[in-house]
Amino acid sequence: MNTVKKEASLLVQGYEVVIGFETHAQLATKSKIFSRAPIAFGAEPNTQACAVDLALPGTLPVMNREAVAHAIRLGLALGSHIAEHSVFARKNYFYPDLPKGYQISQFEIPVVQGGEVSFFLGEEKKTVRLVRAHLEEDAGKSLHEDFVGQSGIDLNRAGTPLLEIVTEPDMRSSAEAVAYAKELHKIVTWIGICDGNMQEGSFRCDANVSVRKPGEPLGTRREIKNLNSFKFMQQAIDYEVRWQIEQIGDGHSIQQATVLFDPDTGETRAMRTKEDAADYRYFPDPDLPPLVIAQEWVEEVKATMPELPRQMAERFVREYTLPEYDSTTLTQSPAMAAYFEIAAKASGQAKMASNWIMGEVSRRLNAEDREIENAPVSAEQLAALLQRIADGTVSNNAAKQVFELMWSESAPRGPVVHVASGDAVGQGAVVSGVAQIDAIIEAKGLKQMNDSGALEAIIDEVMAANTPMVEQFRAGKDKAFNALVGMVMKASKGKANPQQVNDVLRQKLQ
Amino acid sequence: MNDLHRLGVADLAAAIAEKKTSSVEVAEALLARAKQHDHLGAFLAFNEEQTLAQAKAADARIAAGGRGPLLGVPLAHKDIFVTRGFPSTAGSKMLAGYQSPFDATVVSKLAAAGAVTLGKLNCDEFAMGGSNENSAYGVVRNPWDVERVPGGSSGGSAVAVAARLVPATTGTDTGGSIRQPASFCGITGIKPTYGRCSRYGMIAFASSLDQAGPMAHSAADCATLLSVMAGPDIDRDSTSLDHPAEDYTRLLGQPREGATAAQPLKGLRIGLPKEFFGEGCAPDVIAAVRAALDQYEKLGATLVDISLPRTELAIPVYYIIAPAEASSNLSRFDGVKFGHRAAQYDDLTDMYKKSRSEGFGPEVQRRIMIGTYVLSHGYYDAYYLKAQQIRRLIAQDFQNAFEQCDVIAGPVAPTVPWKIGEKSDDPVANYLADIYTLPGSLAGLPGMSVPAGFGEGGLPVGLQLIGNHFKEAELLQAADAFQRATDWHKKSPEGY
Amino acid sequence: MSLTLSDIGRIANLARLALSEAQSERMRTQLNGFFDIVEQMNAVDTTGVEPLAHPTAVIDHVSLRLRPDVVSEPNNREANQRSAPVVERGLFLVPKVIE
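Protein chains in written order, with numbering that gives the first Met the number 0: chain C, 0 to 509; chain L, 0 to 495; chain R, 0 to 98.
Simulated from the structure, these hints should not be mistaken for laboratory data. All residues carry an ideal CB built from backbone N, CA and C; glycine is no exception. Don't take each hint at face value.
Heads up, simulated DSS-like pairs for lysine-lysine below, C-alpha to C-alpha not over 27 Å straight-line [to be verified]: (1) C:K476 <-> C:K446; (2) C:K489 <-> C:K478; (3) R:K95 <-> L:K92; (4) R:K95 <-> C:K90; (5) C:K185 <-> C:K125; (6) R:K95 <-> C:K140; (7) R:K95 <-> C:K224; (8) C:K446 <-> C:K399; (9) L:K34 <-> L:K489; (10) C:K350 <-> C:K224; (11) C:K29 <-> C:K125; (12) L:K297 <-> L:K34.
Covered stretches of chain L, as calculated for chain R (at least 3 residues, CB under 8 Å) [unchecked claim]: (13) 391-401; (14) 485-494.
With the sequences and hints as input, model every part of the structure.
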């Protein structure tokens, strides 16, 4: 079976890589999960930590409704079960950035249960199963730099709402792990529950990595903490896999550990383990009755959900008969999907639109590191150009020149633009996308030659000038035909319609 | 006006409203008296400036025609409630001098009603204890016999009222900490249904058990205070019950439905749990309680024998659940954000350990140890979970009992107050003394202590009344009817 | 069951308490004294009994109250840090945290 072949092809020095993810997504709320303090990033130390966040004596938690709504949104997006009854528990441990000496989290009964994330790894469709996603509060930060022999504690982040999203150990390569993380990142930002800012720690990934000989039970895992960029994620996992295989190769066994990735050295190193990390003494938080989510509420939230990337991709396959690969690529962001739909509808050339967006448009965007939201060539303009290719006015190559011109000359955005180029159009006159393109085609003389009289003249010249080649063809050398076509195209300065050249030339050679 | 200190809340409020005296005059007189009786150890802190400012404000409101049952009346708060302007210590060295940036909800509600805060009151450290010997700030002495304990943990609150230093106080009750000291000091106190008063600003001991309540001369005064203290705290406490505030004085002096003025409690069925009257209870206590029950029969009530079969189990169940919650609640005292930090330490862990061992007293450390152990890996199911299951059975026992009766009555404690130091080396003996108050606490039920006479050595004995959830008004009605027919609650110790 | 001194040591470390040898020995005796009265719990059959975490749940169906997502806590750093042992530039200082 070819999936087996695929798995086998992934082995690293005969070892199978097994990866599971725990992702902490900071929820896009205004106030904290259990207090009314703001959660804005980068404020002065401890100015956004109120009495509750500091665990001052006598303070108590009161749950933020919006954080629960975000959990429901994630559950709906991932096809999970949303528990009608879930419980907050205390995870007890001492750490200076943990003001209460316990973290309020969910343990035995999480709010989001099961579900899955599907994505493409190259052309291959992958699905990673989720174990759970639970609500919890973020901790503060320890700053080690500024003080000799001491750490400074900033509790502004303490109490920021988090969803911890936990997968099954379903990933088999660093590439698949990164693809999963990117897909999850796309989903949480798409549905608006997380700003996805990895530099600011809004989306933090921990990877559980282990290796084993195929068919053997799971190996001992090491957890790589706080991978805050997709690049580091891949580097860290690759390093960790090599390290583990080496260890085993040298006859050492892997010890369960938490490790950190150092981008400078490109290596992972074990953290100093909290001796009693094993014993968190979880118990239901007596300050918080059970969280009850009525089905009506879930329905309410469902009604406000946007079309999800996966559903949209499937629709693109249906409505525009695109390959799954195209439709997945085009649903990277709501903006790109919208750009495609406008271009496809306006031009009636869905596949062509897809090719151009994944090709020319993406190439220019990447080169200039722009978002498609402010592409200088609007979806309407692209549509107009595609129409001109479709109706044979311009060749694909010529169209690319037009596109380049529009991109570099056009004022960014908008179906309607000022064109100052060429005498053919009135100075600075406002014209429609199509008119503008026709103008450029005119001005730059990129129109395809469809006049057969002119074409025949050129062909006659070429044949006259290359009698030996004509002979060769007649003697049965087919290669010669292509050479002649090439010379005709050249003589027409690329304006001739290649198909037409073929037909006329064949006639004349009979 | 003389003998101001003898007046209860209602009389004092009336005297102030009728301008026979002023809130300032009362505050000054009681501040002086409290300091004069410093040896009792009831008060931990005063703030004269703030107290007199509050009193002036109250007098101004009265001059402007303002009226209210607590307007201008001085109160004092157990030092478990955080307050601005006074240190809030929970009776612990850990919080020596701690200044809270906010007031407890109960404190601000009473202040808004015009009550004047006279000071903060001594208590067992973090409300853990039944004798007030666990305070880092010294023992509190029982004014009926200064060699004896006042009970606890709200010992300072009970003594301040019994010695007539202040007409009423706030207390907190986790396993009996209002009822037992009220009984030991011959005053009236009520612990309402769990969740009836906001816990916001109450320094947490055991979150699923802690409740605030008033302590005063009479059931009527308690009703007046509780009416102000109780009510939902939607913004601040997720466990405060979504139940509208009530006027707990509404049934006072009213005969029960279908009853007469002569027999106002006709039709009231009082359940007597046989487990509360066994040989574990001292004869002098039983005698006083029985006499009180006879009085209740005269008032028209009928006595019903009932059973609370798991009464004894309440001790291990409570002393697993409460320490478990406490061990977690007290983890925030780590010397980082507030509270005591050791002077010398090698590293972070050493700082934690030294700061906490220096800051917490022996009983608190004992309970942290018990709680940590019963939650730890491999023991959770056998201890904590099992205790929470038996807790439900205990709560159900009460619901079964309330099929047969309206109120449950019995002793508050097995004995009259013991000598200071007598039990301080035997924690388990202290735990056993809580046997009659723990079951109601575990079930979250309202309970009272009503002065019922005197036992050995002329020491007070309290009658405990336990009602079903939200039946505070009925409890207070029954207690008030008794106090209209007796004068135990009017007795004060020699020289006070 | 009876707690040993090493049990006491493990629990004290979990609870971040420093106990001298004498204190540990005393603690051991007192805790074992307490766990003697806990024994009686084993005799109770609790199969199928739901634990009671919130006492009023026996009569009332309790569920978590949710608040609107509104910011209403102003910066109150000065008052909040008034009783802090060591503060510098608004940060709480502790012995170096090694990761």
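Pair hint outcome, K350 (chain C) versus K224 (chain C) [Cα-Cα no greater than 27 Å] = 42 Å, violated
Has the given pair, K95 (chain R) with K90 (chain C), been kept, meaning a C-alpha gap of at most 27 Å?
-> Measuring from Cα to Cα gives roughly 23 Å; hence the hint holds.
Hint consistency between K95 (chain R) and K224 (chain C) [alpha-carbon to alpha-carbon, up to 27 Å] | Between K95 (chain R) and K224 (chain C) the Cα gap is close to 20 Å, so the pair holds against 27 Å.
Holds or violated: K34 (chain L) to K489 (chain L), with C-alpha atoms at most 27 Å apart | 23 Å, holds
Is the hinted pair K489 (chain C) and K478 (chain C) satisfied, with a Cα-Cα distance of at most 27 Å?
-> 17 Å, holds
Holds or violated: K185 (chain C) to K125 (chain C), with C-alpha atoms at most 27 Å apart = 15 Å, holds
Sort out whether K399 (chain C) lies within 27 Å of K446 (chain C), counting only the CA atoms.
-> The given pair, whose Cα atoms are some 13 Å apart, holds under the 27 Å limit.
Proposed proximity, K446 (chain C) with K476 (chain C) (alpha carbon, max 27 Å) = 33 Å, violated
Proposed proximity, K92 (chain L) with K95 (chain R) (alpha carbon, max 27 Å) | 26 Å, holds
Is the straight-line distance between the alpha-carbon of K95 (chain R) and that of K140 (chain C) 27 Å or less?
-> Within the cut-off at roughly 13 Å; holds.
How does the coverage statement for the stretch 485-494 of chain L fare against chain R, requiring three or more residues with Cβ below 8 Å from a Cβ of that chain?
-> Coverage by chain R is violated here, the residue count being 0 at a Cβ distance below 8 Å.
Test coverage of the stretch 391-401 of chain L by chain R using CB-CB distances below 8 Å; three residues minimum.
-> holds (count 5)
Hint violations for this structure: numbers 1, 10, 11, 12 and 14, all remaining hints satisfied.
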